[in-house]
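A.B. asks: Add chain B to chain A, keeping to what the hints say.
If you read the protein sequences in the order shown, they are chains A and B. Going by this note's numbering, the first sequence opens with residue 101, and the numbers climb by one from there. Going by this note's numbering, the second sequence opens with residue 1066, and the numbers climb by one from there.
Take these hints with a grain of salt, some might be off.
What the hints assert, rightly or not - List of simulated lysine-lysine pairs, DSBU-like, C-alpha gap at most 35 Å:
#  : chain 1 : residue 1 : chain 2 : residue 2
1  : A       : K332      : A       : K445
2  : B       : K1085     : B       : K1295
3  : A       : K121      : B       : K1224
4  : B       : K1191     : A       : K271
5  : A       : K391      : B       : K1127
6  : B       : K1085     : A       : K391
7  : B       : K1127     : A       : K203
8  : B       : K1090     : A       : K436
9  : B       : K1127     : A       : K271
10 : B       : K1090     : B       : K1295
11 : A       : K391      : A       : K556
Treat the hints as calculated values from the structure; they're not laboratory data. Bear in mind the structure is a predicted one, so any value in this text is a computation, not a measurement.
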Amino acid sequence: MHIMYFTERPYRDVPEDEVIKNRSFFGVPNTFYDAQVGARLYNEYLDEDVYAEEVGFDAIMLNEHHGNPFCMGAVMNVEAAILARITKKARIVLLGNPLPVVKNPVRLAEELAEIDLISKGRLVPGWVRGAGSEQIFNQANPAYNREYFNEAHDLVIACWTKPGPFRWEGKHFNFRYVNPWALPYQKPRPPIWIPGVISAETVVWCAQHKYPYIGLGTALQSTVELWSLYQKTAADEGYVAGSENFGYLQQIHLADTEEEAQEQGRAALFGGGAANFSRPEHTLPPGYNSKEATRRLARQATDYGFLGITSEKLKEQREDVGSSKEKSDTRERLRKGQVSIEEAKRKIYANYQKAQDGLQIIIGTPKTVIPKLKLILEVLHPGVLGLFQAQGPLTTQQRMNSIRLMGQEVLPAVREIAKGLGIRDPFEREPGSRPYTHGTSYEAIVDLEALKRAPKRDESVRV
Amino acid sequence: MAEWTEEITHVAGTDLAIIKGGTGKPLLILHEELGHPGWLSYHQALAKDRTLIIPIQPGFGKSPRVEIIRNFHELGLFYSWVLRDLDLAPIDVIGFSTGGWTAAEMAVANAKQFRKMVLVAPPGIKAPEGDIMDVFAVTIGTQLNATVYNADATPEFRKLYGGERTPEQFEAFEDARTETARIAWDPILHNPSLPYFLQGVKGLPTQLVWGKNDAVVPVSACGAYQTALKNTDVKASVFDDCGHRPEIEKPEAFLKLIREFLA
Chain A
101 MHIMYFTERP
111 YRDVPEDEVI
121 KNRSFFGVPN
131 TFYDAQVGAR
141 LYNEYLDEDV
151 YAEEVGFDAI
161 MLNEHHGNPF
171 CMGAVMNVEA
181 AILARITKKA
191 RIVLLGNPLP
201 VVKNPVRLAE
211 ELAEIDLISK
221 GRLVPGWVRG
231 AGSEQIFNQA
241 NPAYNREYFN
251 EAHDLVIACW
261 TKPGPFRWEG
271 KHFNFRYVNP
281 WALPYQKPRP
291 PIWIPGVISA
301 ETVVWCAQHK
311 YPYIGLGTAL
321 QSTVELWSLY
331 QKTAADEGYV
341 AGSENFGYLQ
351 QIHLADTEEE
361 AQEQGRAALF
371 GGGAANFSRP
381 EHTLPPGYNS
391 KEATRRLARQ
401 ATDYGFLGIT
411 SEKLKEQRED
421 VGSSKEKSDT
431 RERLRKGQVS
441 IEEAKRKIYA
451 NYQKAQDGLQ
461 IIIGTPKTVI
471 PKLKLILEVL
481 HPGVLGLFQA
491 QGPLTTQQRM
501 NSIRLMGQEV
511 LPAVREIAKG
521 LGIRDPFERE
531 PGSRPYTHGT
541 SYEAIVDLEA
551 LKRAPKRDES
561 VRV
Chain B
1066 MAEWTEEITH
1076 VAGTDLAIIK
1086 GGTGKPLLIL
1096 HEELGHPGWL
1106 SYHQALAKDR
1116 TLIIPIQPGF
1126 GKSPRVEIIR
1136 NFHELGLFYS
1146 WVLRDLDLAP
1156 IDVIGFSTGG
1166 WTAAEMAVAN
1176 AKQFRKMVLV
1186 APPGIKAPEG
1196 DIMDVFAVTI
1206 GTQLNATVYN
1216 ADATPEFRKL
1226 YGGERTPEQF
1236 EAFEDARTET
1246 ARIAWDPILH
1256 NPSLPYFLQG
1266 VKGLPTQLVW
1276 GKNDAVVPVS
1286 ACGAYQTALK
1296 NTDVKASVFD
1306 DCGHRPEIEK
1316 PEAFLKLIRE
1326 FLA
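The following block holds chain A by itself, in its conformation from the complex:
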């Protein structure tokens, strides 16, 4: 079992009222940004990563978002480069570089190669399409999101594996002289993992490329469906996908006593959490989703993605025409001044217990947290587990203590559970290395019996 430490590196001093007034983290004016705070936090987060390695994590996971106090990692590769030098053995897992917003994939290939070289082969790059707001922020045409993703991906791989110099003339990228003088330390290239939320297209693409798929806190029921789809696609591609092909990220916070944990853990809902990552119009810019995905979302009652990509938001997109129409949604009513900030806050925090019941967040002491993680492992059998430090205005000391408890008590227990379940990680068994013979059966990665024991997530609760 490969266990990663992850934090969004939130800008924790953003006024919550501003987030709520703005109805999302994205779009809070940067006049609220204090460079003194930024300087302190970037350094603290690097210290956290070093400490996470010390207490036993196998990897540090980073991510990237733009223009958003929810996540300070606007240029993740800078942080990764520093970690390459200041950590010793932990893998540096980037989930992921938002390919469609990268204007120069050759430079990205160079940056990542340098990180892999400085770390002496500890880099695990990954790719994402970027949240909708990333397309807005970076002037990246959302209607070409999938095409940019595919072509930038192919170009980065070519930079790493095709002897230069060569010319690249694609639909979106043209380079007359590709010959990077920094090539990855790992041969033929670093392993690649892909995080995902609810896109079936991404799951199929991962399976076709034998890239491990890391579910970002997706509801267990839909995760089970997506991972089964991965396994089926893998079989079609002629290999057996096992635990080495899957990972799962879980938001979590630990404290010494249950009471302290419960008090501190409320921070995870700060500002409405990931559900308030961005407003509907920034979450789903035109063309960002495929026609099929839009059709699916338009017809589904509920669904949930990690960064608040919901059918509800799509519904909001299509409903607010005309000045007199009554709206029941808090976000809309807040916009119209029918709901006060205080009331919106009350509504957010009223969901605290439900969010825990549905495993959107796991809060507690090692004693209460471990059984919940055990259940997730029993249902999904992920080879990679990411522990996502809770968001919100926790103190530095509370965060470090949570990391300490993870390392001292949770990690050893989780490793033991994983061993008992026969879970192998991508470094113990190469993803895609087991051939599949058509017509034979393969072992399902998910355990539907265990799923019956899992609590049903209340999809109206957004964290």
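C.D. replies: Below, chain B without anything else, positioned relative to chain A:
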């Protein structure tokens, strides 16, 4: 008898849905960024003595996307080819919003393919004062609401957009927004070279129509078009208490103006 028909024609290298209705001399109508809004009262009125020809832009409705078209200039070249294939030139044209921008690009390519040209609040030129609304960074609802100055005083707006949309309607809007984003995301709904090339348009009587309170394309862009079209006969009419859709916000005055201009 139905007032209009929709047929798929193979033209300019692709299938193209074309709506036709009315009798008399052909009149080309290029629809706006949210697609053909349906057969409205102004269509009905104009169809009394003109045959309306309304091509559905590639990527909208039943017209498949033409991947090679990457911007409005190329869309203008495409429609010029359509007119040649259908042997329609020279023809009168009315272009609404992005349809107006398309017509302007066509005039740049060949002014002689039009007899007279009406541009209704087109983007395409960066507004000297105020910004063209970033329709891609707002919800469809916000975009629709912004198109009219006073929704309550615009019965046809209510009829079209007042209710909750079905998934099918939503998808049609989403397809339209996607295609417009694809070809006009950057620069934001304009072509920096258009004002320069519009100076080359000669001998094409042009009528600009704008709402003074247009929240989508600021009325300052009207002046910019007028300046750019200085080498041809150009007139501008700006309606008070009117937004981006004079055709449904000021239907009577709009029709009077169009009829007189096209006479």
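A.B. asks: State for each hint whether it applies.
C.D. replies: Hints, one by one, checked against the model:
Annotation: proposed proximity of A/K332 to A/K445 is violated, straight-line Cα distance about 43 Å (limit 35 Å). For the hint linking B/K1085 to B/K1295, the alpha-carbon distance of about 33 Å falls within 35 Å, and the restraint holds. Using a Cα cut-off of 35 Å, the hinted pair A/K121 and B/K1224 holds, with the two alpha carbons roughly 33 Å apart. Between B/K1191 and A/K271, the direct Cα distance comes to roughly 27 Å. Compliance with the 35 Å bound is thereby established for this hinted pair.
A threshold of 35 Å between alpha carbons decides the hint, and for A/K391 with B/K1127 the separation of about 14 Å falls inside it, so the pair holds. For the suggested pair B/K1085 and A/K391, the alpha carbons sit about 28 Å apart, so the restraint of at most 35 Å is met. About 33 Å separates the Cα atoms of B/K1127 and A/K203, which keeps this hinted pair within 35 Å; it holds. Distance check on the hinted pair: B/K1090 and A/K436 sit about 49 Å apart at the alpha-carbon level, beyond 35 Å; violated.
Distance check on the hinted pair: B/K1127 and A/K271 sit about 26 Å apart at the alpha-carbon level, within 35 Å; holds. The suggested pairing of B/K1090 with B/K1295 holds, with an alpha-carbon distance near 28 Å, which does not exceed 35 Å. Taking the CA atoms of A/K391 and A/K556, the gap is about 29 Å. The hint holds against a cut of 35 Å.
Hint check: violations occur at hints 1 and 8; the rest are consistent with the structure.
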